[in-house]
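As they're listed, the protein sequences go chains L and D.
To convert, count from 1 in the first sequence and add 584; that's my numbering.
To convert, count from 1 in the second sequence and add 34; that's my numbering.
Warning: the hint list may mix true and false statements.
In silico DSS-like links for lysine-lysine, alpha-carbon gap of 25 Å or less [as the list claims (entries may be wrong)]:
#	chain 1	residue 1	chain 2	residue 2
1	D	K41	L	K614
2	L	K835	L	K706
3	L	K615	L	K816
4	L	K816	L	K643
5	L	K592	L	K621
6	D	K41	L	K615
Don't read these hints as lab results, they were simulated from the structure.
Computed from a predicted structure; not experimentally measured.
Listed here are the chains, written in short residue letters.
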Amino acid sequence: MSFVKTGKISVFLLFALCFAIITFTLYLAKKREKPIKLRSIAGVVAIEEGIGRSVELGKPFAVDLHTSGLTGVDGVVALSYLSYSAKKAALAGCDYVVGIGAPEVVPVAEDIVRTAYASGPKPEMFNASRMIQYISPVQFAYTGGWIGLVGREKPGAILIAGSMGAEAMLIGEAGQMVGSIQIASASSITNIPFFITSCDYVIIGEEHYVGAAVVSGDRVQLGCILGQDYWKILTLALIVVGALMATLGLKDLGDILKI
Amino acid sequence: MSVTMKKYIPLGILSFLGFHMIAGYFLTVPIVVDTAREVQNFSAIISTVALGFGPFAILRQHIPRGRKGNIFSIVLLAGLIGMPVLYLITGSTVSLPYDWTYRSTVAALDTAIYSLVAYSIIAGCFRAFRVRNIDSLLVMGAAVVLLLGKVPIGGAFGPLSDWLMATPNTAGYRGVQLGVGLGLFAYSLRILLGVERTWLAEVGES
Chain L
585 MSFVKTGKIS
595 VFLLFALCFA
605 IITFTLYLAK
615 KREKPIKLRS
625 IAGVVAIEEG
635 IGRSVELGKP
645 FAVDLHTSGL
655 TGVDGVVALS
665 YLSYSAKKAA
675 LAGCDYVVGI
685 GAPEVVPVAE
695 DIVRTAYASG
705 PKPEMFNASR
715 MIQYISPVQF
725 AYTGGWIGLV
735 GREKPGAILI
745 AGSMGAEAML
755 IGEAGQMVGS
765 IQIASASSIT
775 NIPFFITSCD
785 YVIIGEEHYV
795 GAAVVSGDRV
805 QLGCILGQDY
815 WKILTLALIV
825 VGALMATLGL
835 KDLGDILKI
Chain D
35 MSVTMKKYIP
45 LGILSFLGFH
55 MIAGYFLTVP
65 IVVDTAREVQ
75 NFSAIISTVA
85 LGFGPFAILR
95 QHIPRGRKGN
105 IFSIVLLAGL
115 IGMPVLYLIT
125 GSTVSLPYDW
135 TYRSTVAALD
145 TAIYSLVAYS
155 IIAGCFRAFR
165 VRNIDSLLVM
175 GAAVVLLLGK
185 VPIGGAFGPL
195 SDWLMATPNT
205 AGYRGVQLGV
215 GLGLFAYSLR
225 ILLGVERTWL
235 AEVGES
């Protein structure tokens, strides 16, 4: 009797292999003394530029967490960006506003922003009722609230970090109308075209997750990206082998992956 | 609160439950599968309880303090308090006063905002399709072919439009999806192993 469910054996083995590769690169990164260098992600660099612009204009830096909750990975990734931008805004003495659509995120986001300002030069700037704006968990109610918030606050720069659906274009246009620099981070393929047309910088697909490691500045996390790349090379090799075998009429690889 | 209570114990619980869920997905061991299902039910309960934060957060930020946009706060608070009061008076969500209020306010505003997407897309198209370099020329060319392929003008652009969607578009789509899948896996692993902690307000610490 197998301990692994039928039909999931090959996926389990691939999962175990991927886990081993990434964990091994994490270990190597921890042992490594030299810093790990990655190519810079324009959108991540632009977060600091956006905060600088907001300070110069005397306007707030706004973050849209959207309706992403804590039950999905995208919601947690958004908190990483929130944490990074709040820390930078606090250091620069920049005003800060966060739009939130998931109620469970409110105390977490408040704690992150409070901690960032408490460790900055002006802890008195933190004002929970103004900076942490809970809007609505309903898609278009949130969108309406966000458009209103952007119209009133006129932020110098906006970071769009939550995952969204059809309202992506409206969210992007709201910032365009008030002349904000907009940085969007999106993993959803359906959001990317909308953000490309309405935002100045877009952190696309895989960069959405890699950017979260980059903003941490932690070399162990950066080492994880190396493991991710090794796994990507293996996956691409598997795709090439599979395509060649299918072209030759061999279906063995497909059969193995169905086990 | 000590660092152990605030950081290490929550991270330990998170790692244990995360790996437990993965084991529940792959393994056939009944105790693992059953308890993983129970944990999923807990997450639904926690999300429901967390909804309670919503009204408190709204009250805190919208109680009038003489700043810009106060009138909107008053409308919002009237809705927040008025709808439950209406429900308590009528005793039903399908009663005429409650249903009429919902349809005339929430549903109407929802539909109105959704309809604005069309105007936003036109504004976005105007910016995206302005030819400034070779890349934008390619984008505009592809968009024109796709638009002509979808209108009834004899189907001349139909095959080219279908090819654009099925071949270059799908190739790009799958490339992004592959990267997203790997990124998602690696990020999840970083959280489960306690390496990724920026979401715990610890920027730059390891």
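Taking the hints in turn, this is what the structure says about them:
{"no.": "1", "hint": "D/K41 - L/K614", "in the structure": "holds (21 Å)"}
{"no.": "2", "hint": "L/K835 - L/K706", "in the structure": "violated (64 Å)"}
{"no.": "3", "hint": "L/K615 - L/K816", "in the structure": "holds (23 Å)"}
{"no.": "4", "hint": "L/K816 - L/K643", "in the structure": "violated (42 Å)"}
{"no.": "5", "hint": "L/K592 - L/K621", "in the structure": "violated (37 Å)"}
{"no.": "6", "hint": "D/K41 - L/K615", "in the structure": "holds (24 Å)"}
Going down the numbered hints, you'll see the structure goes against 2, 4 and 5, while the others check out.
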